[in-house]
Amino acid sequence: MQTENYLIRKSSLEKLFGNLIGNGKIVYAPKAKGNLALFDKVQAFGEITEDYIVTANSAKSVTFPRTEKLFSYHKSKESTEITDAANNTFPDVILWGTRPCDAAAFIPLTETFNGDFQDIIYNKRREKVLILSFSCKRSDEYCFCTSVNSGPGNTAGSDVQFTKLSDGDYLAEVITEKGQLLVKENCNLFEAKPEEDKEPNLAIVATRFNQEEIQAKLQNLFENPVWDDKSRACLGCGSCSYVCPVCSCFDIQDEAHGNKGTRLRCWDSCGYGLFTMHTSGHNPRNTQGGRWRQRILHKFLYMPNKSKVAGCVGCGRCSRSCPADINILDTLTSLQEEKPNE
Amino acid sequence: MSNQNIYIPYLMRIEKITLEAPGVKTFRLKFENEQDAETFSFKAGQFGEYSIMGVGESTFCIASSPTRKEYIECTFRQAGKVTSALALAEEGDIVGFRGPYGNIFPIDEWKGKNLLFIAGGIALPPMRCVIWNALDLRENFKDITIVYGAKSVEDLVYKDELAEWRSRPDVKLVTTVDPGGETPDWKGEVGFVPTILEKTAPSAENTIAIVCGPPIMIKFTFPVLEKLGFMEENIFTTLENRMKCGFGKCGRCNVGEVYVCKDGPVFSYQQLKLLPAEY
Chain A
82 MQTENYLIRK SSLEKLFGNL IGNGKIVYAP KAKGNLALFD KVQAFGEITE
132 DYIVTANSAK SVTFPRTEKL FSYHKSKEST EITDAANNTF PDVILWGTRP
182 CDAAAFIPLT ETFNGDFQDI IYNKRREKVL ILSFSCKRSD EYCFCTSVNS
232 GPGNTAGSDV QFTKLSDGDY LAEVITEKGQ LLVKENCNLF EAKPEEDKEP
282 NLAIVATRFN QEEIQAKLQN LFENPVWDDK SRACLGCGSC SYVCPVCSCF
332 DIQDEAHGNK GTRLRCWDSC GYGLFTMHTS GHNPRNTQGG RWRQRILHKF
382 LYMPNKSKVA GCVGCGRCSR SCPADINILD TLTSLQEEKP NE
Chain B
9 MSNQNIYIPY LMRIEKITLE APGVKTFRLK FENEQDAETF SFKAGQFGEY
59 SIMGVGESTF CIASSPTRKE YIECTFRQAG KVTSALALAE EGDIVGFRGP
109 YGNIFPIDEW KGKNLLFIAG GIALPPMRCV IWNALDLREN FKDITIVYGA
159 KSVEDLVYKD ELAEWRSRPD VKLVTTVDPG GETPDWKGEV GFVPTILEKT
209 APSAENTIAI VCGPPIMIKF TFPVLEKLGF MEENIFTTLE NRMKCGFGKC
259 GRCNVGEVYV CKDGPVFSYQ QLKLLPAEY
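Heads up: the protein sequence lines correspond to chains A and B, in order. Residue numbering for the first sequence follows our numbering, starting at 82 and increasing by one per position. Residue numbering for the second sequence follows our numbering, starting at 9 and increasing by one per position.
Among the hints, a few may not be true.
Claimed, not checked - If you anchor each label on the Cβ, the simulated ranges turn out as follows:
#, chain 1, residue 1, chain 2, residue 2, range
1, A, P404, B, Q43, 51 to 57 angstroms
2, A, L355, B, T203, 30 to 36 angstroms
3, A, E419, B, K167, 52 to 58 angstroms
4, A, Q199, B, S276, 27 to 33 angstroms
5, A, N168, B, E40, 17 to 23 angstroms
Claimed, not checked - Once the Cα atoms are required to be at most 27 angstroms apart in a straight line, the calculated DSSO-like pairs of lysine-lysine come out as:
#, chain 1, residue 1, chain 2, residue 2
6, A, K341, A, K150
7, A, K158, B, K33
8, A, K389, B, K281
Please keep in mind that the hints were generated in silico from the structure rather than gathered at the bench. We treat Cβ as the ideally placed atom computed from N, Cα and C, and that holds for glycine.
Whole structure, please, built from the sequences with the hints as guidance.
Shown next, in the form of structure tokens:
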């Protein structure tokens, strides 16, 4: 659909929040916690912070929880009964204050959970999520959204995007039918579109590399010293995967309590040494450099080759959270200097 | 299928357990739900996720032939957490099974050709499926040769079937055990699979070679086949990367552009040469 633009007053934004939470919907929004801003459940408008570049955690857990029940079972002497978790009712969730990068991340994430095999639990959760993103007024040295076909005012993945204008009121861009419905239900809060342009109200994020160029180069860079060089400090802690809004590798584990139990899908990371290890002890990806290469190749070569969308939205969380200060931008920009193998 | 939860396993009852070798068992599994039995079908080369509720899932091929429709069989070595729990299961117990997953051996394209099966140790099961598939359609193929080796005589699996294949005039079976693994009355070969293969292989002319074994065996078998004149597009193998989901989502078996679970597990040597060696 064609984007529709409205104005929403600063005071009306709080009313909108009130209407949503009053409707029994679960709202996740950035909440200050110590020095961090975290995506978390909020009850009151006052709990929401505006003081963040991006939240420390991404919003992916609303559709891809850290631990997801797939089914439960009950074993008796004679039989086994299975209760399908896909029959559960999933909650209506509103993501309030996601950055454009986090909203855009739902595109590759949803792609992964669909295709030939559709993950119904993921899809049921995703259908119930309304994404109200807030464009970026500030960025930091870790941000690189503009290098991966996104940007501080990118509306892809959002249902509605709000941009704070110079007088404190907001431009509301309605991108999807879900967003349209929100406007319809709260029509008294939305006014005719403002005069002011969006662009001057956005952060400036420098373009650090060209994604298509990197993709073409990676085709011939499998054997290259850069992978070991840039990952020497890696502890294999997996924090880059956990904070990444696109990373979707998972493990399947059972949790048993006597005759009953559940089968769970849990976040995992290609950075872990055991991720690819065979029971025999053979490990086809047995160095941390090889795992760092897998992370980069998967996001910047394999995913865009397969579905046109890269597995990275440039939020920079992996670099911010790395305890060994490994910076994905450092690897990607240095790849630009590399000459591909013949 | 899109409205079904892809993680829910079929419930299967263990009808028969065969002890194949020390630590190696074959389960014959029947669907608890008769309707599932009727709608289920698979092809040679495909695999599944077998589970004990409360312990977890483990990946093995379907070791029985798709031409035998009443049941499926799997053969596994007790090695990790799940296989240890499976090994304790008894006839009549219920296990979970998800599948079939993955691609297939292009057996329809092999009509009119000679087939050379080369297997090592616990890797005969993925091949057994395609061997029986070929034997059940015997008139479609010319010479069938099986070269199978294990660490020791006692480690050879499917001993009854080996005897059956040996007695068939339309199969040439070569069995071998690693040096030191032979018993006084062992009548087969002694030596590693690649060496014995070089000695006993049929002509590469109009022949498809199918290789399954531990990574080290595969590594040394490919050069022998090339030396014998096999074209890389006529050599097939299955990759055994660690898997969890079986349908290209969990990320574990990703090698280059492919997911072994979805795009494999069957690959030609020609395809393998294009992949990074992360298997």
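task: Return holds or violated for the Cβ distance of Q199/A and S276/B against the range 27 to 33 angstroms.
output: For S276/B against Q199/A, whose Cβ atoms are near 30 angstroms apart, the range 27 to 33 angstroms holds.
message: Against the 27 angstroms threshold, does the CA-CA distance of K158/A and K33/B hold or violate the hint?
response: Judged against 27 angstroms, a Cα distance of about 23 angstroms means the pair holds.
query: Is it true that P404/A and Q43/B lie within 51 to 57 angstroms of each other by Cβ?
result: holds, 53 angstroms
task: Sort out whether K281/B lies within 27 angstroms of K389/A, counting only the CA atoms.
output: Roughly 25 angstroms between the alpha carbons, so the hint for K389/A and K281/B holds.
- prompt: Holds or violated: are the alpha carbons of K341/A and K150/A at most 27 angstroms from each other?
  reply: Between K341/A and K150/A the Cα gap is close to 13 angstroms, so the pair holds against 27 angstroms.
field: Outcome for the supplied range 17 to 23 angstroms, where the beta carbon pair is N168/A and E40/B
entry: holds, 20 angstroms
field: 52 to 58 angstroms as the expected CB spacing between K167/B and E419/A, which holds or is violated
entry: For E419/A and K167/B the Cβ distance comes to about 55 angstroms; the hint holds.
query: Falls inside 30 to 36 angstroms, the C-beta gap from L355/A to T203/B?
result: holds, 34 angstroms
The structure is consistent with each of the numbered hints, conforming to all of them.
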